[in-house]
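Enquirer: Residue-level listing of the chains:
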Amino acid sequence: MEENTEKMPIRCKAAMSKVAGEPLEMEEVEVAPPRAHEVRIRILCTSLCHTDVTFWRMKDLPAMYPSILGHEATGVVESVGDGVVEVAVGDTVVPVFSAQCGDCADCLSDRSNICSGLPIRPGGMPRDGRSRFSFASTGEPIHHFISVSSFSEYTVVDVAEIVPGGIPHEMACLLSCCVSTGVGAAWKVAAVEPGSSVAVFGLGAVGLAVTQGCRMHGAKRIIGIDLNPEKREIGKRLGITDFIDPNGTDGRTVSEVIKEMTGGGADYCFECIGSTSVMAEAFKSSRMGWGKTIVLGVSNDVAPISIPSHDILRGRSVVGSLFGGLKPKTDIPILAQMYLDKELELALEEFVTHEMGFDDINTALELLTQGKCLRCIIWMDGAREKENVVKVKPKENGRACEAA
Amino acid sequence: MEDKCPEPIHCKVPAAARRRAAAVCRAAGEPLTVEEVVVDPPRAYELRIKIVCTSLCHSDVTFWRMKVRIAGPISFPIARVRVIFGHEAFGKCSLLRFPFSVLLFENFCALAEDSAWFGLHFKFHEKDVPNPDFLWPVIRDRVVESVGEHVEGFAAGDSVVPTFLSQCSECTDCKSSRSNVCSKYRFAVRPGMPRDDTTRFRDAGGSPLHHFLGVSSFSEYTVVDVTQVVKVDPALPPPTACLLSCGASTGVGAAWKLAKVEPGSSVAIFGLGAVGLAVAEGARICGASKIIGVDLNPEKDELGKKFGVTHFINPKELGEKTVSQVIIEMTDGGADYCFECIGLAALMSDAFQSSREGWGKTIILGVEMHGAPFSIPSREILHGKCVMGSLFGGVKPKQDIPILAEKYLNKELELDKFITHEVALKDINTAFDLLLQGKSLRCTIWMDK
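Read top to bottom, the protein sequences are chains A and B. Each number in my numbering corresponds to the 1-based position in the first sequence with 208 added. Each number in my numbering corresponds to the 1-based position in the second sequence with 649 added.
Simulated from the structure, these hints should not be mistaken for lab results. A hint or two may mislead.
Here are the computed lysine to any residue pairs in the SDA-like style, where the Cα-Cα straight-line distance is at most 20 Å [what the hints assert, rightly or not]:
hint, chain 1, residue 1, chain 2, residue 2
1, A, 396, B, 827
2, B, 939, A, 313
3, A, 492, B, 1016
4, A, 467, B, 832
5, A, 492, B, 998
6, A, 492, B, 837
7, A, 428, B, 825
8, A, 467, B, 821
9, B, 1056, B, 936
10, B, 833, A, 470
11, B, 909, A, 318
12, A, 492, A, 429
13, B, 824, A, 396
14, A, 492, B, 1021
15, B, 824, A, 470
16, A, 428, B, 827
17, A, 396, B, 1032
18, B, 824, A, 404
19, A, 467, B, 834
20, A, 492, B, 824
21, A, 396, B, 1006
22, A, 396, B, 909
23, B, 824, A, 401
24, B, 833, A, 471
25, B, 909, A, 317
26, A, 428, B, 821
27, A, 492, B, 1026
28, A, 428, A, 472
29, A, 492, B, 1022
30, B, 824, A, 403
31, A, 492, B, 1035
32, A, 537, B, 1032
33, A, 467, B, 833
34, A, 492, B, 1024
35, A, 267, B, 1028
36, B, 909, A, 319
37, A, 467, B, 820
38, A, 492, B, 835
39, A, 267, B, 837
Since the structure is predicted, the reported quantities are computational estimates derived from the model, not experimental observations.
With the hints as constraints, model all of the structure from the sequences given.
Expert: Structural data, given as structure tokens:
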């Protein structure tokens, strides 16, 4: 591709994380042009994932300040750097925090989805570790967040982390993290077989996506566990067969209840929260002989997971994964097709509970931290009117997970 | 059911040529005493086995010296005394009940009358007649061995190994290839037999003696549940067969069956005892290209080479670096498979950290000697790592021990190198000393020397 001589920095709006836990501040930033193997994207819509919240609250490394958070998004290619042939200006794409360079041992193997060719470099771009963002007023650099940084009208992403879009934007957005993580975990990491019994700890977007994935693979029993009793209804709609509220078990532990329900423990237990004590409880809820615990939640890592050493000897295992074990470029198109193929009933619409403009991004943070939403789709200015091809949804659509 | 035929065996018969004895633990951590014991007849679904030889496994040592109760499913009461340890062994069984035959019955009566001792010690029901093929060696040995009711598939003189893990072949786990932990007769450290929790042993004074893992092989005779007995090829040398009843099967099984090590893999083994070296042997026959052994005993460096270990790490000689840092360097990112073969939580965590992101698997085989939990950093496991544990290396006893035996007999698997010492039963405490001092791998304890 010949060099684009008109590559200039772009000035635009971004929601900045400056102090841990404080509301994001809108600032004017300068976004540098894409370098070789990079793509500059105009974000259409982005959504808030709890991992953004976990890092937003974190005072120390690996959280960095100031930074632009956000990693679930859909965008349009504005310009490309040298050597980019996969996508062209004007293409709709989904950026993903998990790279797929296609060349390293991990990308070439089906056992792994952790690209070792382009590992995540905290705060910067994967190839040179530097930032493409700076404050428009001072030129001070701003840190990236896991190579995506979608809480900005424009961002720069490595081409190894770009997947062509192809379904309605707000659905495609979900495939860039939560739904792929959940469905992938059931499909690839656990490889749930028909007739399995499954326990899902945490019925947020990831847990509900796990539920969908397990249902699609024929699980017979899907037990959903959540402290929020309102998750029961949405859980049932998306496929859970039983619901446990840990505060409503008459003093028994969750693992005791699950072992009773399943006659010894579930075949697969998924942790979709990011709490190491829940990970340990999930382990205890798994069946002897072949019970697998799948860790998906991103914790703040203050405490490690504590595994009873004698219990693991009885044929149990614990496995963790990023992005549900999926290879982004290979597998996101497959999930997109699953959504379009109505037979499989991948109900992406159920995950979108709120929509709002970019200026209301802090509302999204409040809703998520209060457990009142699944996914808030944040539309960039002008994106909804011009680009959206599906009918606009009401802002709040009365889902069960909202508190009255 | 009542076992109508045999009487209890007193394992020290005055007129007999050989002594009958067992090594009894009377105090945690103290030397065993070799003394006369009484071994009851087998009940329904049980076999009484004449132990030919047994060997000492570190799990025996772990429970022998355990003084306190450990929380959880594996627990041992305080001051557990009067136990017969041992769970790695090889022996012979024989069948007593056969279809009625008048001719044989008459001959048998004649023989019984001729042998006063035999007549005294053997009582039979009129419907039952011993197998004539078996009769002569029996009379010669002046021992009658027995099986309880409902035991099928075992015949006189069968070479068998007892296993601490059951295989009932009926439950969901036994029927599945994904599991080797029988859910009908769950593994537990209990003082009695698995079906009724009672004991078959008494000491000379008549006090009950406790079983260990339902095997109790530090005895000339023992009673084992039929779900814990595996027939093996008689061509197997007894000390080798012994190894297949625990240590060698656990290690080889873990590499071959559980981890499924592929050719070209890198493997790290924490602890080069018999189990760790069996993992190395298993990894070798699976074609691993790098087998890293980690042990505090520098002598294991030379020994490890005989078992296929390609790189040796002594944690005390690394200076500032940690073991996992060194392994990650050696393997350019972490080993494909890491095995913990000691039983220490800190090493389980080290093994996990030494495994490769993306697909690295950590396999826990060691029985934690303090019952302590081990820790996994949660962010690290998200990067595609897996940790799993197993009893007996994922091996289903009745199905897989014969497969391993065949691999040995056709020279694919080399097991003789595990046996470094041998002693007679009376010197069993020497076996403990050798193991505790790190001087032996497997010491064969012969009953008949």
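Enquirer: Each hint: holds or not?
Expert: These are the hints, each one checked on the structure:
no. : hint             : result
1   : A/396 <-> B/827  : holds (18 Å)
2   : B/939 <-> A/313  : holds (17 Å)
3   : A/492 <-> B/1016 : holds (18 Å)
4   : A/467 <-> B/832  : holds (14 Å)
5   : A/492 <-> B/998  : holds (19 Å)
6   : A/492 <-> B/837  : holds (18 Å)
7   : A/428 <-> B/825  : holds (18 Å)
8   : A/467 <-> B/821  : holds (16 Å)
9   : B/1056 <-> B/936 : holds (15 Å)
10  : B/833 <-> A/470  : holds (16 Å)
11  : B/909 <-> A/318  : holds (16 Å)
12  : A/492 <-> A/429  : holds (18 Å)
13  : B/824 <-> A/396  : violated (25 Å)
14  : A/492 <-> B/1021 : holds (15 Å)
15  : B/824 <-> A/470  : holds (18 Å)
16  : A/428 <-> B/827  : holds (19 Å)
17  : A/396 <-> B/1032 : holds (15 Å)
18  : B/824 <-> A/404  : holds (16 Å)
19  : A/467 <-> B/834  : holds (18 Å)
20  : A/492 <-> B/824  : violated (23 Å)
21  : A/396 <-> B/1006 : holds (17 Å)
22  : A/396 <-> B/909  : holds (19 Å)
23  : B/824 <-> A/401  : holds (17 Å)
24  : B/833 <-> A/471  : holds (13 Å)
25  : B/909 <-> A/317  : holds (16 Å)
26  : A/428 <-> B/821  : holds (17 Å)
27  : A/492 <-> B/1026 : holds (18 Å)
28  : A/428 <-> A/472  : holds (15 Å)
29  : A/492 <-> B/1022 : holds (13 Å)
30  : B/824 <-> A/403  : holds (16 Å)
31  : A/492 <-> B/1035 : holds (16 Å)
32  : A/537 <-> B/1032 : holds (18 Å)
33  : A/467 <-> B/833  : holds (16 Å)
34  : A/492 <-> B/1024 : holds (15 Å)
35  : A/267 <-> B/1028 : holds (17 Å)
36  : B/909 <-> A/319  : holds (13 Å)
37  : A/467 <-> B/820  : holds (17 Å)
38  : A/492 <-> B/835  : holds (17 Å)
39  : A/267 <-> B/837  : violated (47 Å)
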